[in-house]
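Heads up: the sequence lines are chains S and P, in that order. In short: position in the first sequence from 1, add 158, done, that's the numbering used here. In short: position in the second sequence from 1, add 158, done, that's the numbering used here.
Some hints here could point you the wrong way.
[To be verified] In silico BS3-like links for lysine-lysine, alpha-carbon gap of 27 Å or less:
id : chain 1 : residue 1 : chain 2 : residue 2
1  : P       : 371       : S       : 211
2  : P       : 183       : P       : 166
3  : P       : 166       : S       : 278
[Claimed, not checked] To give an idea of the chain S side of the interface with chain P (calculated C-beta under 7 Å), a few residues:
id : residue
4  : 188
5  : 194
6  : 195
7  : 261
Read the hints as simulated data drawn from the structure, not as lab findings. Built from N, CA and C at the ideal position, the CB exists for glycine as well.
Number of protein chains: 2
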Amino acid sequence: MSVVPIKKAPEPTIRRLPDYYHYLKWMQSNGREVVSCTHIARDLDLDPTQVRKDLAVTGIRGKPKVGYLVTPLIESIENFLGWNNLTDAFLVGAGSLGTALLGYQGFKQYGLNIVAAFDKDKRKIGKKIHGKEVLPLDKLPGLAERMHILIGVISVPAESAQAAADVMVEGGIRAIWNFAPVSLDLPEDMVVQNENLASSLAVLSRQLAEAVK
Amino acid sequence: MSVVPIKKAPEPTIRRLPDYYHYLKWMQSNGREVVSCTHIARDLDLDPTQVRKDLAVTGIRGKPKVGYLVTPLIESIENFLGWNNLTDAFLVGAGSLGTALLGYQGFKQYGLNIVAAFDKDKRKIGKKIHGKEVLPLDKLPGLAERMHILIGVISVPAESAQAAADVMVEGGIRAIWNFAPVSLDLPEDMVVQNENLASSLAVLSRQLAEAVK
């Protein structure tokens with residue numbers, strides 16, 4: 159498989175790629191070998207031009223009047239998103255959410271392999287959660303550097319999140335997946351994705367209250 | 159506590175309320191009784207006018223030259239978001255993600271109480287996961303109606319998500335928190351929040367690849 163040149167893709171496009179991927183896997187499991195842009199667009203409720211542009215970022219183009227070959231397109235998306243090689247990550251915060259994230263097998267499908275957890279709570283240190291060891295937080299920078307860990311997952315309460323992020327930055331971590339309900343103050347070249355479950359739940363509860371009024 | 163009249167609040171405002179809440183709880187734990195709009199705005203990196211507008215939706219106004227009383231403001235946010243009374247919910251999909259969600263204690267803090275799980279896999283039915291029973295999916299509509307369940311959580315693979323949503327609609331569920339990486343086709347009056355972990359992780363991995371190129 160050829161290496162896709164690293165150029166900036168728009169975030170909405172990247173966010174849609176997993177949807178295309180799951181759709182194409184479903185097509186593949188139904189024995190489909192070829193699929194047209196129009197067909198994908200209709201099934202996913204998108205504009206055909208948008209579909210063509212989105213899929214082009216992975217380096218693959220459909221054939222006019224034929225469409226895309228399903229299997230190479232799947233591989234192209236996997237390649238583009240780095241899903242075909244696992245990236246090791248560290249997690250900080252071995253509480254209830256951290257335990258849930260450590261136990262979720264699905265991340266591996268998306269190329270993420272959480273190899274160790276860190277906490278400052280002495281009662282948690284030394285324990286194993288879903289087979290991953292919980293280490294003292296102050297060991298993170300040294301270990302991250304030695305193991306070339308680039309991704310950190312934060313699952314601590316809001317008030318401890320900035321401290322966890324600072325330790326990650328110190329250890330050379332470059333991308334943070336933040337599940338704490340707070341914005342982090344980070345160097346400009348850091349990559350960050352905020353997963354604010356509290357916010358989503360707030361919107362859901364409130365819109366429900368408005369809907370059943 | 160007075161009941162806040164149900165009127166439509168803008169989604170970005172609702173998404174920010176949990177951040178204010180966590181910030182105010184932190185102020186409270188540090189013994190602060192009063193906080194000004196400007197102070198909140200500076201600490202949370204927001205515009206003071208925005209802060210004033212956001213907090214006003216909960217029905218509370220600050221006093222000029224004084225600010226907000228911390229404890230009543232916290233209660234007002236809790237009241238607005240329904241966090242002070244637990245809402246029961248059903249979960250469909252007792253796999254790895256479902257298990258993680260069932261085990262996460264933090265949702266209760268945000269007013270969500272997942273009371274039962276449903277699955278179509280016979281090997282899972284009858285088991286207990288984190289104390290919650292796994293029931294056959296076809297029992298959902300009847301039970302949801304009888305128990306007046308209004309919120310459903312979907313944690314099945316992409317290809318089973320629409321079927322899970324259809325069963326929820328049949329049972330009178332009005333709001334869906336969808337963790338499956340796929341868009342759902344729902345009646346117009348349904349409330350839905352999509353939590354696409356695959357998309358977030360795709361953006362994180364890809365931006366990291368672009369950053370370390």
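Against the structure, the hints come out as follows:
no.	hint	verdict
1	371/P to 211/S	23 Å, holds
2	183/P to 166/P	25 Å, holds
3	166/P to 278/S	42 Å, violated
4	188	10 Å, violated
5	194	20 Å, violated
6	195	18 Å, violated
7	261	5 Å, holds
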